[in-house]
Structure formats: structure tokens, C-alpha cells
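Residue numbers (our numbering), protein chains in the order written: chain P, 1 to 288; chain X, 1 to 266.
These are calculated hints, taken from the structure and not from any lab test. Honestly, I wouldn't trust all of these hints.
[Said to hold, decoys possible] The following label-pair restraints were derived from C-beta to C-beta distances: (1) Val32/X to Ala123/P: 46 to 54 Å; (2) Ser21/X to Ile204/P: 55 to 63 Å; (3) Arg193/P to Pro42/X: 50 to 58 Å.
[Claimed, not checked] Chain P is faced by these chain X residues, among others (derived, beta-carbon under 7 Å): (4) Val81; (5) Leu85; (6) Ile89; (7) Trp93; (8) Cys97; (9) Met108; (10) Leu111; (11) Trp113; (12) Leu114; (13) Leu118; (14) Ala119; (15) Leu231.
Bear in mind that the values here come from a model prediction, so they are computed numbers and not experimental data. Cβ coordinates follow ideal geometry from the N, Cα and C atoms, glycine included.
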Amino acid sequence: MAALFLRIARRMAALLATVIVGGILTAALVRSSPGFDTDERLMDLRLDRQSRADILAEHAADHDVVRFYARYVGNMFRGDWGVSSSLNAPIRGLIASRLPLTAELMVFGLAGAWVLALGLALAAVRYSWWSHMGSALSVLVLSIPSAALAVLIFATRGPVRAIIGLILFPRLFDYLRNLLADAYSHPHIVTARAKGVGPVRILIGHVFPVCAPQLLALAGVSASMAFGTAIPVETLCDLPGIGQLAWKAAVARDLPLLVSLTMLITLLTQACNAVSDWAAAGRAGARS
Amino acid sequence: MKSRRIAGTVLLAVLIAVPFSGALFPRFSYAVQHREFTDAAPSLRFPLGTDDLGRDRFARLLYASRVSLLLAAAASLAALVVAALLGGIAGYWGGWCDRCLTRAIDLMLSLPWLFLLLAARALLPLNASPVTSLIVTYSLLALLGWASPARVVRAGVRSFRDSEFVLQARSEGLGEFRILWRAVLPNLRPILLAQFWTSIPVFILTEANLGFLGLSAGEPFPTWGSLLRDLQSPLLVRPEGFAPVAAIAFSVCCFRLLSPKGRLQA
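The shape of chain P in the complex, shown without the other chains (with noise of 0.2 Å):
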């Protein structure tokens, strides 16, 4: 048990640590860029020399990338995210307003993407009828850019929220396919077939139990792959997410934005990672 919370408290650190590097990363790639100081009103040619430099001494307090750094993080864990350069609203409020959205889109599209992969690489294993109308589908997504596909389907009023699941199906189909196929020819799954075990208990209580550490990899990283998705879809249907604020922060260079962003992603993507590795490990310890 000692052992246990022992590892736990490992990543738990390993996590922190990452986030905090992401997000002086950030801060410090942000801060030695050439836009660094580029401010969007700025283009207003109706600003007088000293409304332009008034703008340009907001960005003074952000030159020092440690101090602007340690002073964030401090505020953060007094739950004070700052207030976003461009939208002018604090930005603790901007993503607990937009999360949501962005989560409810996620989860549909995950669910989606699982069970059309899942089923469809469950049919391409046993007959490769469907292996190869499979295939042909996940090459003719995989092939049309996702920002254009989300279009399409926006286009002729298709479901949006059915978007990132189409597109991240392809991703998992090839790899369960594979998965599945591998899983199919061990021989104590081959000797169950052989002696008549229905599908669905070969399924449930042999290929499962098999594949388990890997779908369980996969589901992290499917969640990265969502996110990723989720960009393009808000910004180009005008849903109010996560991504549409992401995009908004990288167009407006809104720095303070971008740094909370990037920790948030960082954060939620790599506890994604890490309960996947937790869970995968613990299977692999049961089978064991």
C-alpha cells in the first residue's frame, strides 16, 4: 500500500513539474518572440501617441519572464488567473464558462469515435469485407483536413457535435484493427474459438483482458487527440469552447491567456496520460 501511494505521489510531482515547466516555457517563448510586443489595438489608427504608449506600458509589467512567472503562479493558487489582455474579462471566468461546452463536445466526440472504431475494427477482424470498407472510410477522412471537414458537415447541417467524432475515428481504427487482429491470434483465444465459445464472452473475457493496457493508452491519448480536434471545430461552427478561446488568445497574442491555457492543457492532457498509465499498470499487475 506504502509502495502504492509512494508511486502515486511520484507522478503526482512528475505532473506538477511538467505543468510548471510547460508553463514557464510558454511564458518564456511568448516573452522572447518578435510579436511579444505587438498589441492588436495598436493597428487603431485612431490612438494618439499617448494612447499607444500606454498600451505598450501595459506589456512593461510582462518583460521580466520570472518575475511575470512566479508572480502568476502565485496569483493562480490564490485562484486569481489574471484578466486576458484581449477580451478584458478575467480569464479564470473565461474558462470556467466556456469548459463545458468544450467538455460536452468532447465527451460526445469520444463516445462517437469509440464505438464506430471499436465496432468497425471489431467486423474488419472477422470478415475483411468491412476491414476494407474501413479502411477506405479512415483514408478518406485521414486525407481531408479536419478544419474543412468540420466545414462540410456545418455545411449541410449536419450534426456538429457529431464532427469530432468523425475525426478522430480514424486515428483509432487503424490502431484497434491492428489491436484487435493481434489480440484474435493468440492461441489460447484461438483454442476458446475453437471450442465453441460464443463472441461476445471471447470478447468480454479473453481479447479485453488482452488488449486492456493498450486501449487504456489509447484512451489517454484519444483525449489529447479531442482536444486537438476540438480547435478547429469551435473556432470555424462559433461554439464558445476552449478551442474557439485558444484560437482567440493566439490571434490576439494575449499572453497571460495563452500561458493559462497552455497549463490547463498541459494539466488536464497529462492527467489524462497518467490515469491511463495508472489504470494500464494496474491491469498488467492484476494479470500478472
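With chain P's structure known, arrange chain X on it following the hints.
What follows is chain X alone, placed relative to chain P:
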């Protein structure tokens, strides 16, 4: 498998030949604006019509194909050099160097790539020239796209590290860098080639997504991604507006025919 590769090579040759042979007949430049033909429908003179500024969509598509294909290949090559260097060091020497690099690779692979690119692309000044923004976009693809090939290279180098030919080279007194350069690297060629062909379509699709979001090359320079920006108003799009999508899909299919099967794309 062989027929698949032959088909891929032939289709790729066609894909490269069409836009590059277009350079021999520069009927219209990608930037010339025919103000009397704005938003024109497809005709003999303008096979794909014109955009809202009167620019020939076909000429722009041909030019964009050249730019996107060349730069995606260049970015893939650059990413591969970084991947070979880092993956080679991590795989060959192991230890803390391997642990740090593996952690960095895992971090890079776990983060959504498009978000990283968005954040990195935002570092450019607003008044960057079109050529600068184009070069920076593809350089970023190369700089951020090394992680996936690096993991494969690392695994490859690790498998060669204790092989007989490396042991023999070591027993003959060859230095570690020389062994890496003369014995390990030539054996990595199939892995590097496979990663090269796999990375190109990934970069093409990522640039397309960035262009769609308005974060690729600046106007008037056309790339496949920047041409897709016309689709941002989906309800106003005409069928010929999807020509860049078809070009991208065709090229990605060609590259997929040449690359190994079953690779997970982030």
C-alpha cells in the same frame, strides 16, 4: 504491398508534375487581380473561377500546390534531422539523457499539436511579411514535429546498440560517434525513409488547418491552407471552392500509399 507503392509513386509523380509544369505556362500570376471578373464562375478562361479580388483560382491552386508540396517535404526533412539527432543520442547513450529526452517526447506527443502550433504561431509580429510567415509556419512544423519520429528512431537505435555489428565496431576501437555515424545510421535508413513519407501528409494537413484558421502564410501568397480560408463562410461556398480540399485529399492519399500502414496520427 508492391503494387500499392507503385500506384503511390505514379500518382505522386502526377501530383508533382501538374503544378510544376504549370510554371512553364504562367498564363496568370497568383497575385494578378482581374477587377472586371471578381467572383466569376468557372469558365474556359478561369477553370476554377476567380475569388472576390478577381484572382484566378486555378493559377493560385497550382502555385499553392508547388509551395505546399515543397515546403512540407522540406519541413519533414528538417524534423527528421532533429529526430535522428535527438532519438539517436537518447537511444544510443541511454541513462539520464534518454530519460530526459523520452520525457520531452512524451510531453510533446501528449499535448495537442494544433494548440502548440497556434501558441507558437502567435509569437510572430502582426506585420510579418508573407514570405516570413510562410517560412516560420513550416519551420514551426519541423520544430514541433520531431517528437513522433524521434521515438521511432530511439527505439531503432536501441535495438542496434547491442547488435553484433556494433559490438564488432567497438571491439575494433571505433569511437562512439563514428560507430553511430558509420554503423548505426546506415541501418536506420528504412526507418528514416518511412518517417519521412509519413510526416509529409501530417504537415500538409496541419498547415491546412492552420491556414483555415488564418494562421498560415499571409496574403497574397497562396498555400493550400490559405486557399481554404475561402471556405470560412460555408453557406456562401460554391462547389469549385472545394478544389483545394480535393488537392489536399489526393496528395495525402498518395503519401499514405507510400508510407507504412497502421500508424497512429496525432
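Hints, verified against the model:
no. : hint                            : result
1   : Val32/X to Ala123/P: 46 to 54 Å : holds (52 Å)
2   : Ser21/X to Ile204/P: 55 to 63 Å : holds (57 Å)
3   : Arg193/P to Pro42/X: 50 to 58 Å : holds (56 Å)
4   : Val81                           : violated (21 Å)
5   : Leu85                           : violated (20 Å)
6   : Ile89                           : violated (20 Å)
7   : Trp93                           : violated (22 Å)
8   : Cys97                           : violated (17 Å)
9   : Met108                          : violated (10 Å)
10  : Leu111                          : holds (6 Å)
11  : Trp113                          : holds (6 Å)
12  : Leu114                          : holds (5 Å)
13  : Leu118                          : holds (4 Å)
14  : Ala119                          : holds (6 Å)
15  : Leu231                          : holds (5 Å)
This entry does not satisfy hints 4, 5, 6, 7, 8, 9, going by the numbered hints stated previously.
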